[in-house]
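K.L.:
Take a look at the letters that make up each chain.
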Amino acid sequence: MTDITARLDALPGLDPRAPLLQVNDLHVEFRTRDGVARAVNGVDLWLNPGETLAVVGESGCGKSVTAQAIMGILDTPPAHVTGGEVLYRGVDLLRLPETDRRGVRANRIAMIFQDALSALNPVYTVGFQLAELFRVHRGTSRREAKRRAVELLDQVRIPDARRRVDDYPHQFSGGMRQRVMIAMALALDPEVLIADEPTTALDVTVQAQIMSLLAELQRQRDMGLILITHDMGVVADVADRIAVMYAGKVVEEAPVHDLYAHPGHAYTKALLESIPRLDFKGQPLSVIRGLPPALTDLPSGCAFHPRCAYAREICRLEPPPAYRIAPQRITSCHFVREVLGV
Amino acid sequence: MFRYIVRRLLQMVLTFFGATFVVYALMFANVDDPFQALVGDRPLTDSQRAALNARYHLDDGFFTQYWHYVKGLLTGDFGMSLTGRPIAEMLAQAWPVTVRLALLSIVIAAVLAVGAGVLSGLRRGGVFDTVTLVLTLIVLAMPIVVLAPLAQLIFGIQLGWFPPTATRDANLYELLLPALVLGSLVVATQLRVTRSSVAENLRADYVRTARAKGLAPRRVIGVHVLRNSLIPVITLIGVDIGALMSGAVVTEGVFNIPGVGFNLFRGVRTEDGPLVVGFVSVLVIVFLVINLIVDLLYAALDPRIRYE
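Keeping their order, the protein sequence lines are chains D and Y.
Here the numbering used here is used: the first residue of the first sequence is 1, the next is one more, and so on.
Here the numbering used here is used: the first residue of the second sequence is 1, the next is one more, and so on.
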């Protein structure tokens, strides 16, 4: 078989100096019988090696769809990528032939999912599912592939890996299963890892273990990590930068500490205020009124305006432009000054 | 696992006696005048009747008769049919042809059902899917008492593609038409189950993972989706084998195949109690054994299922 790694290194337009991953103006819509749902409406993201970008937002804001569009694993139909680019080192993945695109997956960009129990195939051993990667992508022998599988399980610190490699997913605990998922994603040494709510299904102590494992593996490998979550608490500890998404758009992007200290978008501010805090004990928790908009019928202007405390006439009429308020800080809010309090 | 098998075998003993008891009681209640049925229009003298009654214990009470019967069964003696032939010998002649017929028809049905089911599950709403939906509905709606003579008339007699009847030593080609007719009983359900199982598994999270691993669609479907989708289908096929062995009454009757169903039908018609109970007893055992094998196979296919 042709060597996939060599083929990927020779992709036309590949530029080692180009940004590791850059998403420009990505649009995804779901065409269903009930109408067209615009899940992603012009997302811009970028990621450097060794960096952690957290993508946060409510359920249905398009974070997972963005991730799956980057991976190229959306179900088409109903999902259609209708515009934009996903540049990996300067190569637009959306225009790659299917075989090359498949090679990029797992080899260059890998992904882990929220619920490891359903994300792993129940009828094959974890060893088979790990070894499969080496056998398909590297043409490794059965035996060697299994040896590498044991090695990987060891790396994600699954005790007694040699024996557990022959176990089935349901025989692992939730945390151990997510470790298996991580091992699978890292098997072929990808440069980018997309983690879609990797700890949501786990309890708090296990969450912390998984996050520190991810952080450690990322450091070792100098890997870019996109962490999709709705848990603002997890983000603060591990992320370098945050992209806040609302109704299929990145509404604010900032280094993590700047964003927590001075949110630049009315939505970010409301999101941060709705985190329960110990020093506000006994006071009513502030919440964001209303529900996220239906993707089939997005509000005009700024999609957040029906729920926004700062909203005025202009928010209903005009979509806010992206303001660059500091290096690496972008926000799309008409009243950024008022939100920042300057 | 071992304990599970032992427990199932013990359950089988109970089921076996329960089933033979019920069948025996039904035949006992149903018997009108078996000897008259046997001799047809000719007269039967009182002394002949008395001798026959004594020979078949027909003057005894129900439980005594049942006791005699079970005692025979346990010592391997199935008794004599009212036609005077040993039932064990009839069983030995009938079973091979029925087994061949049932296996041939289940293989045809399963291959058709799984093949077409996977294809239509992959392309739901497509032309192929719609055509198979219509075809399966037609097959489901057609009772076998219509289908069997119709197939015999068209393909056996008018077109002459297949022999219209089969004998005890029928080869596979002679059994092909009856097997197709018989398979139509189960093919539609198997196809629909395969289709919905494939469609459901295609949406599963692990399929997304397999795609994220950069696997080619052929491997995603052939390795990941198929194995999961076939679990319920295999179970169904196993149960269907049992159903086909016993359900061949009409088909064997129409195509004149001297198998189990054929004998059973004749036994019921001539009120031949020992013959019916003997054949049903063996059918019950076959059914139970196949069910046990299916359950064990189920555990082998789906590692989440473990029998304690």
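Keep in mind the hints are simulated off the structure, nothing from the lab.
Fair warning: this is a prediction, and the values are worked out from it, not measured in the lab.
Keep in mind that the hints are not guaranteed to be accurate.
To be verified - Computed from the model, here is a short list of chain Y residues facing chain D with C-beta under 8 Å:
(1) R124
(2) D205
(3) K213
Stated by the list, open to error - A partial selection of chain Y residues facing chain D, derived with a Cβ cut-off under 8 Å:
(4) R42
(5) R123
(6) T209
(7) G214
(8) R218
(9) G222
(10) L226
(11) Y298
(12) A299
(13) A300
(14) D302
(15) R306
All C-beta atoms in this analysis are idealised placements derived from N, C-alpha and C, irrespective of residue type, glycine included.
K.L.:
Just to be careful: measuring from the Cβ of A300 of chain Y to every Cβ in chain D, is the smallest value less than 8 Å?
P.N.:
Constraint on A300 of chain Y not satisfied, violated at 10 Å.
K.L.:
Hint validation: Y298 of chain Y versus chain D, beta carbon distance must be below 8 Å. Holds or violated?
P.N.:
violated, 12 Å
K.L.:
Under 8 Å is the threshold here; is the Cβ of G214 of chain Y close enough to any Cβ of chain D for the hint to stand?
P.N.:
holds, 4 Å
K.L.:
Close enough to count: is the Cβ of A299 of chain Y nearer than 8 Å to one in chain D?
P.N.:
violated, 12 Å
K.L.:
Would the hint on K213 of chain Y be counted as holding, given a Cβ-Cβ threshold of 8 Å to chain D?
P.N.:
holds, 5 Å
K.L.:
Given R124 of chain Y was flagged as interface, is its beta-carbon under 8 Å from a beta-carbon of chain D?
P.N.:
Interface hint status for R124 of chain Y: violated (11 Å vs cutoff 8 Å).
K.L.:
Taking the closest Cβ pair, is D302 of chain Y under 8 Å from chain D?
P.N.:
holds, 6 Å
K.L.:
Quick one, is the R42 of chain Y hint okay against chain D at 8 Å, beta carbons?
P.N.:
Violated: closest Cβ of chain D sits about 65 Å from R42 of chain Y, beyond 8 Å.
K.L.:
Would the stated hint for D205 of chain Y survive a check requiring a Cβ distance to chain D of less than 8 Å?
P.N.:
Since chain D brings a Cβ to about 4 Å from D205 of chain Y, closer than 8 Å, the hint holds.
K.L.:
Closer than 8 Å between Cβ atoms is the bar; does R218 of chain Y clear it against chain D? Give me holds or violated.
P.N.:
violated, 11 Å
K.L.:
Answer holds if the nearest beta-carbon of chain D is closer than 8 Å to that of G222 of chain Y; otherwise answer violated.
P.N.:
Where the cut-off is 8 Å and the nearest Cβ of chain D is about 12 Å from G222 of chain Y, the hint is violated.
K.L.:
Quick check on the hint: T209 of chain Y CB to chain D CB, less than 8 Å?
P.N.:
holds, 5 Å
In this structure, the hints that do not hold are numbers 1, 4, 5, 8, 9, 10, 11, 12, 13 and 15, in rising order.
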